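Undergrad: Start from the sequences and build out the full structure, keeping to the hints where you can.
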Amino acid sequence: MYDPSAGPRDEPNCWSTKIPDTEVHDAAGPANRFFYLVAEGTNPGGGKPSSPVCAGGPDSVTGLGIRTAGRIWMTALMQKTSFWEYADARVATLNAVTQLYPGDCARFDTVKAAWDAVSVPAQAAEPGRPGDCGQPAPSFSLDVTPASVETPPGGTAASTVVTRTTSGDPQDVTLTASGVPDGARAVFDPPSVETGASSVLTLSTAEDTPPGTHRITVTGTGTDGNSRDPPSR
0 MYDPSAGPRD EPNCWSTKIP DTEVHDAAGP ANRFFYLVAE GTNPGGGKPS
50 SPVCAGGPDS VTGLGIRTAG RIWMTALMQK TSFWEYADAR VATLNAVTQL
100 YPGDCARFDT VKAAWDAVSV PAQAAEPGRP GDCGQPAPSF SLDVTPASVE
150 TPPGGTAAST VVTRTTSGDP QDVTLTASGV PDGARAVFDP PSVETGASSV
200 LTLSTAEDTP PGTHRITVTG TGTDGNSRDP PSR
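Going by numbering that gives the first Met the number 0, the first residue of the sequence shown is number 0, and it counts up by one from there.
Derived from the structure by calculation, the hints contain no laboratory data.
As the structure is a computational prediction, the values presented were derived from the model and not from experiment.
Possibly wrong hints are sitting among the right ones.
[As the list claims (entries may be wrong)] Dumping the calculated DSS-like pairs for lysine-lysine here, alpha-carbon to alpha-carbon at most 27 Å:
| # | residue 1 | residue 2 |
| --- | --- | --- |
| 1 | Lys111 | Lys47 |
| 2 | Lys111 | Lys79 |
| 3 | Lys17 | Lys111 |
| 4 | Lys79 | Lys17 |
[Stated by the list, open to error] Derived DEER-like restraints, expressed as beta-carbon distance ranges:
| # | residue 1 | residue 2 | range |
| --- | --- | --- | --- |
| 5 | Ala146 | Ala123 | 41 to 47 Å |
| 6 | Gly46 | Ser81 | 39 to 45 Å |
| 7 | Ala54 | Leu99 | 27 to 33 Å |
| 8 | Thr74 | Val186 | 43 to 49 Å |
| 9 | Thr150 | Lys47 | 24 to 30 Å |
| 10 | Thr159 | Pro180 | 20 to 26 Å |
| 11 | Pro209 | Ser4 | 42 to 48 Å |
| 12 | Thr21 | Thr150 | 24 to 30 Å |
Glycine included, every Cβ here is placed at the ideal spot set by N, Cα and C.
TA: Rendered as C-alpha coordinates:
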(Lines of atoms letter the chains of each structure in order from A and count residues from 1; the text may use other names and numbers.)
(Lines give C-alpha, C1' and ligand atoms only; values in the text may rest on other atoms or scores of the structure.)
Protein backbone atom coordinates (compact mmCIF):
# COMPACT_ATOMS: atom_id res chain seq x y z
CA MET A 1 0.00 0.00 0.00
CA TYR A 2 2.94 2.36 0.56
CA ASP A 3 3.95 1.97 -3.12
CA PRO A 4 1.19 0.41 -5.28
CA SER A 5 3.35 0.80 -8.39
CA ALA A 6 5.79 -1.76 -6.97
CA GLY A 7 3.14 -4.50 -6.93
CA PRO A 8 2.58 -7.09 -9.68
CA ARG A 9 -0.21 -5.01 -11.22
CA ASP A 10 1.84 -1.81 -11.38
CA GLU A 11 -1.00 0.24 -9.93
CA PRO A 12 -0.63 4.03 -10.07
CA ASN A 13 0.59 5.78 -6.93
CA CYS A 14 -1.04 9.10 -7.80
CA TRP A 15 -4.48 10.11 -8.98
CA SER A 16 -4.76 11.53 -12.50
CA THR A 17 -7.47 12.13 -15.06
CA LYS A 18 -6.64 8.69 -16.47
CA ILE A 19 -8.01 6.97 -13.35
CA PRO A 20 -11.68 6.84 -14.51
CA ASP A 21 -10.57 4.81 -17.56
CA THR A 22 -8.31 2.50 -15.55
CA GLU A 23 -9.29 -1.07 -14.61
CA VAL A 24 -11.12 -0.87 -11.29
CA HIS A 25 -8.61 -2.84 -9.20
CA ASP A 26 -5.64 -1.02 -10.67
CA ALA A 27 -7.42 2.30 -10.13
CA ALA A 28 -7.44 1.59 -6.37
CA GLY A 29 -3.72 2.36 -6.11
CA PRO A 30 -4.08 5.99 -4.96
CA ALA A 31 -6.80 4.99 -2.44
CA ASN A 32 -4.58 2.29 -0.97
CA ARG A 33 -1.75 4.77 -0.67
CA PHE A 34 -4.05 7.36 0.89
CA PHE A 35 -4.96 4.85 3.62
CA TYR A 36 -1.31 4.04 4.27
CA LEU A 37 -0.49 7.72 4.62
CA VAL A 38 -3.37 8.34 7.05
CA ALA A 39 -2.37 5.29 9.11
CA GLU A 40 1.44 5.45 8.96
CA GLY A 41 2.45 8.76 7.36
CA THR A 42 5.20 9.43 4.86
CA ASN A 43 8.08 8.38 7.12
CA PRO A 44 6.74 6.08 9.85
CA GLY A 45 10.08 4.62 10.95
CA GLY A 46 10.25 1.46 13.02
CA GLY A 47 11.17 -0.59 9.95
CA LYS A 48 8.03 0.46 8.09
CA PRO A 49 8.59 1.76 4.56
CA SER A 50 8.39 5.41 3.62
CA SER A 51 5.80 6.61 1.12
CA PRO A 52 6.85 9.83 -0.67
CA VAL A 53 4.13 12.23 -1.74
CA CYS A 54 3.13 12.92 -5.33
CA ALA A 55 4.24 16.06 -7.15
CA GLY A 56 2.63 19.17 -5.72
CA GLY A 57 1.69 17.48 -2.44
CA PRO A 58 2.63 18.47 1.10
CA ASP A 59 6.16 18.07 2.40
CA SER A 60 5.08 15.21 4.63
CA VAL A 61 2.10 13.52 6.28
CA THR A 62 2.07 12.40 9.92
CA GLY A 63 0.13 9.15 10.40
CA LEU A 64 -2.72 8.75 12.88
CA GLY A 65 -2.41 5.01 13.47
CA ILE A 66 -4.25 2.19 11.77
CA ARG A 67 -7.21 2.15 14.18
CA THR A 68 -8.00 5.81 13.58
CA ALA A 69 -7.48 5.42 9.84
CA GLY A 70 -9.80 2.41 9.83
CA ARG A 71 -12.53 4.27 11.73
CA ILE A 72 -12.38 7.19 9.34
CA TRP A 73 -12.42 5.01 6.22
CA MET A 74 -15.24 2.78 7.46
CA THR A 75 -17.35 5.80 8.43
CA ALA A 76 -16.72 7.26 4.97
CA LEU A 77 -17.80 4.02 3.32
CA MET A 78 -21.16 4.32 5.08
CA GLN A 79 -21.73 7.37 2.82
CA LYS A 80 -20.87 5.43 -0.35
CA THR A 81 -23.29 5.49 -3.25
CA SER A 82 -23.55 3.17 -6.24
CA PHE A 83 -21.39 5.53 -8.31
CA TRP A 84 -18.38 6.79 -6.42
CA GLU A 85 -15.30 8.62 -7.64
CA TYR A 86 -12.16 9.75 -5.84
CA ALA A 87 -13.69 13.19 -5.39
CA ASP A 88 -16.57 11.61 -3.47
CA ALA A 89 -14.18 9.57 -1.31
CA ARG A 90 -12.23 12.69 -0.39
CA VAL A 91 -15.39 14.53 0.66
CA ALA A 92 -16.68 11.49 2.58
CA THR A 93 -13.49 10.98 4.60
CA LEU A 94 -13.30 14.65 5.57
CA ASN A 95 -16.95 14.51 6.60
CA ALA A 96 -16.12 11.37 8.60
CA VAL A 97 -13.34 13.17 10.50
CA THR A 98 -15.62 16.02 11.47
CA GLN A 99 -18.25 13.49 12.58
CA LEU A 100 -15.93 11.23 14.58
CA TYR A 101 -13.57 13.89 15.97
CA PRO A 102 -15.39 17.25 16.13
CA GLY A 103 -12.97 20.16 16.22
CA ASP A 104 -9.90 17.91 15.91
CA CYS A 105 -7.71 19.99 13.65
CA ALA A 106 -4.77 17.57 13.57
CA ARG A 107 -6.80 14.62 12.33
CA PHE A 108 -8.65 16.79 9.81
CA ASP A 109 -5.36 18.19 8.49
CA THR A 110 -3.84 14.71 8.18
CA VAL A 111 -6.71 13.33 6.10
CA LYS A 112 -6.71 16.39 3.88
CA ALA A 113 -2.93 16.23 3.46
CA ALA A 114 -3.09 12.51 2.61
CA TRP A 115 -5.49 13.22 -0.28
CA ASP A 116 -3.27 16.10 -1.42
CA ALA A 117 -0.31 13.69 -1.22
CA VAL A 118 -1.91 11.34 -3.79
CA SER A 119 -2.99 14.25 -6.02
CA VAL A 120 -6.75 14.07 -5.44
CA PRO A 121 -7.80 17.72 -5.79
CA ALA A 122 -9.86 19.70 -3.29
CA GLN A 123 -13.63 19.65 -3.82
CA ALA A 124 -16.20 22.41 -3.41
CA ALA A 125 -18.42 20.02 -1.43
CA GLU A 126 -15.80 19.11 1.19
CA PRO A 127 -16.11 20.58 4.68
CA GLY A 128 -13.83 23.40 5.72
CA ARG A 129 -11.33 23.17 8.51
CA PRO A 130 -13.08 23.21 11.91
CA GLY A 131 -13.88 26.81 12.81
CA ASP A 132 -12.13 26.74 16.18
CA CYS A 133 -8.81 25.62 14.73
CA GLY A 134 -7.45 28.98 13.69
CA GLN A 135 -3.92 28.66 12.43
CA PRO A 136 -2.34 25.21 12.73
CA ALA A 137 -0.75 24.75 16.12
CA PRO A 138 3.02 24.32 15.98
CA SER A 139 3.84 20.64 15.84
CA PHE A 140 6.81 18.53 14.88
CA SER A 141 7.90 14.94 14.38
CA LEU A 142 11.08 13.16 15.38
CA ASP A 143 12.91 10.20 13.89
CA VAL A 144 16.21 8.44 14.55
CA THR A 145 18.26 6.75 11.84
CA PRO A 146 19.58 4.19 12.14
CA ALA A 147 17.18 3.08 14.83
CA SER A 148 19.61 0.48 16.20
CA VAL A 149 23.37 0.66 16.65
CA GLU A 150 25.96 -1.71 18.09
CA THR A 151 29.17 -0.91 19.89
CA PRO A 152 31.73 -2.95 21.86
CA PRO A 153 32.55 -2.06 25.46
CA GLY A 154 34.52 1.17 25.46
CA GLY A 155 33.36 2.04 21.95
CA THR A 156 31.09 4.61 20.36
CA ALA A 157 28.22 4.58 17.86
CA ALA A 158 26.17 7.34 16.28
CA SER A 159 22.67 7.95 14.94
CA THR A 160 21.09 11.00 13.34
CA VAL A 161 18.04 12.59 14.97
CA VAL A 162 15.87 14.11 12.24
CA THR A 163 13.22 16.70 13.11
CA ARG A 164 10.43 17.96 10.87
CA THR A 165 7.88 20.74 11.19
CA THR A 166 4.47 19.09 10.70
CA SER A 167 2.29 22.16 11.24
CA GLY A 168 2.61 25.80 12.18
CA ASP A 169 5.93 27.60 12.34
CA PRO A 170 9.31 25.95 13.05
CA GLN A 171 10.27 25.83 16.71
CA ASP A 172 13.31 25.05 18.83
CA VAL A 173 13.49 21.47 20.13
CA THR A 174 15.67 20.34 23.03
CA LEU A 175 16.83 16.72 22.77
CA THR A 176 17.29 14.32 25.67
CA ALA A 177 17.89 10.60 26.02
CA SER A 178 16.61 8.22 28.70
CA GLY A 179 17.34 4.57 29.40
CA VAL A 180 21.08 4.99 28.89
CA PRO A 181 22.82 2.05 30.65
CA ASP A 182 25.32 2.45 33.47
CA GLY A 183 28.71 3.65 32.30
CA ALA A 184 27.41 4.90 28.97
CA ARG A 185 26.83 8.47 27.77
CA ALA A 186 24.49 9.95 25.18
CA VAL A 187 25.58 13.27 23.67
CA PHE A 188 23.65 15.30 21.11
CA ASP A 189 25.48 17.62 18.72
CA PRO A 190 23.86 20.09 18.80
CA PRO A 191 21.67 19.49 21.88
CA SER A 192 18.94 21.79 20.53
CA VAL A 193 17.78 22.31 16.94
CA GLU A 194 15.12 24.19 15.05
CA THR A 195 12.60 21.79 13.52
CA GLY A 196 13.72 20.83 10.07
CA ALA A 197 17.32 20.42 11.23
CA SER A 198 19.16 17.33 12.46
CA SER A 199 21.40 16.44 15.39
CA VAL A 200 23.94 13.65 15.77
CA LEU A 201 23.48 11.40 18.80
CA THR A 202 26.74 9.75 19.87
CA LEU A 203 26.56 6.87 22.32
CA SER A 204 29.74 6.10 24.24
CA THR A 205 30.12 2.95 26.32
CA ALA A 206 32.61 2.10 29.08
CA GLU A 207 34.48 -1.14 29.61
CA ASP A 208 32.08 -2.00 32.44
CA THR A 209 28.86 -1.08 30.60
CA PRO A 210 26.52 -4.07 31.00
CA PRO A 211 26.44 -6.15 27.78
CA GLY A 212 23.19 -6.82 25.99
CA THR A 213 20.43 -4.88 24.26
CA HIS A 214 19.43 -1.56 25.81
CA ARG A 215 16.41 0.49 24.76
CA ILE A 216 17.25 4.20 24.70
CA THR A 217 14.42 6.66 24.14
CA VAL A 218 15.12 9.97 22.45
CA THR A 219 12.72 12.77 23.38
CA GLY A 220 12.37 16.18 21.80
CA THR A 221 10.74 18.98 23.82
CA GLY A 222 9.59 21.93 21.75
CA THR A 223 9.11 25.54 22.72
CA ASP A 224 5.35 24.81 22.62
CA GLY A 225 5.93 22.71 25.76
CA ASN A 226 5.03 19.47 24.00
CA SER A 227 7.32 16.46 23.76
CA ARG A 228 7.73 13.96 20.95
CA ASP A 229 9.34 10.54 20.88
CA PRO A 230 10.41 9.07 17.54
CA PRO A 231 8.46 6.12 16.12
CA SER A 232 11.71 4.16 16.11
CA ARG A 233 14.22 4.21 18.93
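Undergrad: With reference to the structure, classify each hint as holding or not holding.
TA: We went through each hint and held it up to the structure:
1. At roughly 22 Å between alpha-carbon atoms, Lys111 and Lys47 fall within 27 Å of each other, so this suggested pair holds.
2. Note on Lys111 and Lys79: the hinted pairing holds, with a Cα-Cα distance of about 18 Å set against a maximum of 27 Å.
3. The hinted pair formed by Lys17 and Lys111 meets the criterion: a straight-line CA distance of about 22 Å does not exceed 27 Å.
4. A hinted pair counts as satisfied when its Cα atoms are at most 27 Å apart, and Lys79 with Lys17 qualifies at roughly 22 Å.
5. Separated by about 43 Å at the C-beta atoms, Ala146 and Ala123 satisfy the suggested range of 41 to 47 Å.
6. Evaluation of the 39 to 45 Å hint for Gly46 and Ser81 yields a pass: the beta carbon distance comes to about 40 Å.
7. The hinted window of 27 to 33 Å between Ala54 and Leu99 holds, with their beta carbons roughly 30 Å apart.
8. The hint said 43 to 49 Å for the Cβ distance between Thr74 and Val186, and at roughly 47 Å that hint holds.
9. The hinted window of 24 to 30 Å between Thr150 and Lys47 holds, with their beta carbons roughly 25 Å apart.
10. For the hinted restraint 20 to 26 Å between Thr159 and Pro180, the CB-CB distance of approximately 21 Å keeps it satisfied.
11. Distance hint check for Pro209 and Ser4: the Cβ-Cβ separation is about 46 Å, which falls inside the suggested range of 42 to 48 Å.
12. For Thr21 and Thr150, the Cβ-Cβ distance of about 51 Å falls outside the hinted range of 24 to 30 Å, so the restraint is violated.
Checked against the numbered hints above, the structure breaks only hint 12 and satisfies the rest.
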